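Visitor: What follows is each chain in one-letter form.
Protein chains: 2
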Amino acid sequence: MRFTIKREEFLKGLTTAGRAISGKSVMPILENLHIELTDRGLFITGSNLDLTIKAQVPYKLGEVDVIRNHKEGSVLIDAKRLIDIIRELDSEEITFDVIDTTNVVINGNNNRSNYRLNGIRADEYVELDLEAAGTELTMSVSDFNILVAQTAFAASTKEKKPLLTAIHLEARDGLLFATASDSARLAKKTLSIPEGIEFIANVPARIMIEITRLLEGKDSLNITFSDNKALFTIGTTIVATRLIAGEYYKTDNVVPKNTSCILEVNANDFIKAIKRVIILSTERENAVDLSMSEESIKISAKSSSIGSASEEISDFRYIGRSLDISFNGEFVIAAIRALGCDDVTLAFVEAMKAFIIKNAADDSVIQIVTPMRSY
Amino acid sequence: MRFTIKREEFLKGLTTAGRAISGKSVMPILENLHIELTDRGLFITGSNLDLTIKAQVPYKLGEVDVIRNHKEGSVLIDAKRLIDIIRELDSEEITFDVIDTTNVVINGNNNRSNYRLNGIRADEYVELDLEAAGTELTMSVSDFNILVAQTAFAASTKEKKPLLTAIHLEARDGLLFATASDSARLAKKTLSIPEGIEFIANVPARIMIEITRLLEGKDSLNITFSDNKALFTIGTTIVATRLIAGEYYKTDNVVPKNTSCILEVNANDFIKAIKRVIILSTERENAVDLSMSEESIKISAKSSSIGSASEEISDFRYIGRSLDISFNGEFVIAAIRALGCDDVTLAFVEAMKAFIIKNAADDSVIQIVTPMRSY
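Order-wise, the sequence lines are chains A and B. With the first letter of the first sequence counted as 1, position 62 gets the number 62 in my numbering; the numbers rise by one all the way through. With the first letter of the second sequence counted as 1, position 123 gets the number 123 in my numbering; the numbers rise by one all the way through.
The shape of chain A in the complex, shown without the other chains:
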């Protein structure tokens, strides 16, 4: 195997596939990239088993030769060192040469930089399933990005309940429902999709976020869902992720009904006031008290050792009886930010019932936060 390649395109492929490689792997073989040159181009694959990314560098981009002077073959090579070397090299083209199956020799085009890396035979790599199978869905990048931005933050980051680390996707009746929850809050987004597409899949939220980083400059992506994996096709890059097994929690009844107290405020003012009073919320996890009446809206927090904070919101509309409620201020800030709107509506049932945060002008997304017990 050998090839001479434009450094910039090689680096792009390496860093894309390298995103799948974890710092320390329980399987050392996974610290390598699988590099394969075929008649269709150069394929670079990285994997941590949960997530696999396969990037392609073509022989030509338009009329320009990207890869030349080539001989097909494959090898495994330490991802971190290879990426560092290709990133730092002062050379427009790189020559990559495999001698005796596993000795990789890398040269800059000035022949002054010479790197020799101990590779591993490509057939020692793990078996990866990158075949598209199951139900297919094509989404615009803007739809996918907003789905992730409005839900992923609400998923749990604790591995104790794996299902809660997922975005639960359900397609039926021409709609795609995306739900994420860490059990103290829940985010739900609904998007229109073509009729007749049906599937249920629990995709790890952090992998959904990782995929948004691969979408820059792209218009759409294609996803296929089978029983145990989702396969994302983004241009010439293929991303496979294991799905999280198990039946997701029923969340239909989580949305509070009979919300009789409705608050409308400027999103930015409300976020800033919460951020300030949280400074004094040192004893309970970001606990903030919201006191509402038709006359005034007050946000406050206190710490017996440090002191207390109180903010009055001047610009608001409130309908309902007087109500005091406590919540995790960071959760409410994240929910409001995810809505991305100027004015936000909060709808309450009573002090100890979950409440809704939404954009009155967009009913495709709803945020629900469980209150904290007030003291």
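Source of the hints: derived by calculation from the structure; they are not laboratory data. The structure presented is a predicted model; accordingly, all values stated were derived computationally and were not measured.
The list treats identical chains as interchangeable, and a pair is accepted whether it falls inside one copy or across any two copies.
Straight-line distance between alpha carbons at most 27 Å, and here's what the computed DSSO-like set of lysine-lysine pairs gives:
| id | residue 1 | residue 2 |
| --- | --- | --- |
| 1 | K272 | K80 |
| 2 | K272 | K12 |
| 3 | K12 | K275 |
Once you've looked at the hints, dock chain B against the given chain A.
Guide: Same frame as chain A, but now just chain B:
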């Protein structure tokens, strides 16, 4: 005690003094700022005992009232919370009011933000010595900054040998000598100062770096050195630091003599080549091999498990016999960067003797690195 103050000026004073406060202190009282309003202005003091910073906010800046509606007094108040609150408040002016000696009430000028902090009586603060005493030196900010930039990086960060964490300053015969060393490398800067000033002081290198951060927008600073402390006056801000006790190591004999092998290279090319080969230097601490002859200059590194790297330097001038030497590449990069010049000169005696890195056009600064044993 009470005052109404321009938020921006208050915040500037708080963050300046706050720089002296460590995250967690063995003495909880030191997590507070000492705030005192006198007839000369507002004084804000923070300290971790090793370092004390006292900032001043004046009553007026030019014709503009900075502090108004005031009553003198003093209080101690949690630094982190106070700074966070004043930073986040949406208010041009802040009212700061102490009720019953220690209850601090902070209001924004719209009266919608109300913060109450539990202060501590000012007389419970530690006794601090901020009196100027000893030998006085006035330096330009540019001289001070370059002295720190060219030496501080070479000091040790390990507290095991406290003297090595200092920049050793010695003034005599119209010269100021600044030396820093972690025993594997040494940096020495010489500056002209007025005749007749004599002192020896070991100032912690990290405090010298901290002081450069307080110098923005200033032209000069005044320093007084006594037996156990240095006092820096920067505009209206006073910084005091404990000196490190003990007699500094004799370093006069460290500068290698009879350097018969001289290499001149482009600083940037040389740094980049070292940075690249270091990628393969995984088994010995950033060890890099330099192989020099009048025909070629080669930098290389190898790791038995990963591979090897070799870089040829094309643009060089070398005088002397063929010589191979190994060194910590990061030390050489830091030394070259500290010189801040386009071309750099390295002067060697032999493979196992310390070598010199210098700027041929500036003999006020010298960098010395001890080689590593080559394998």
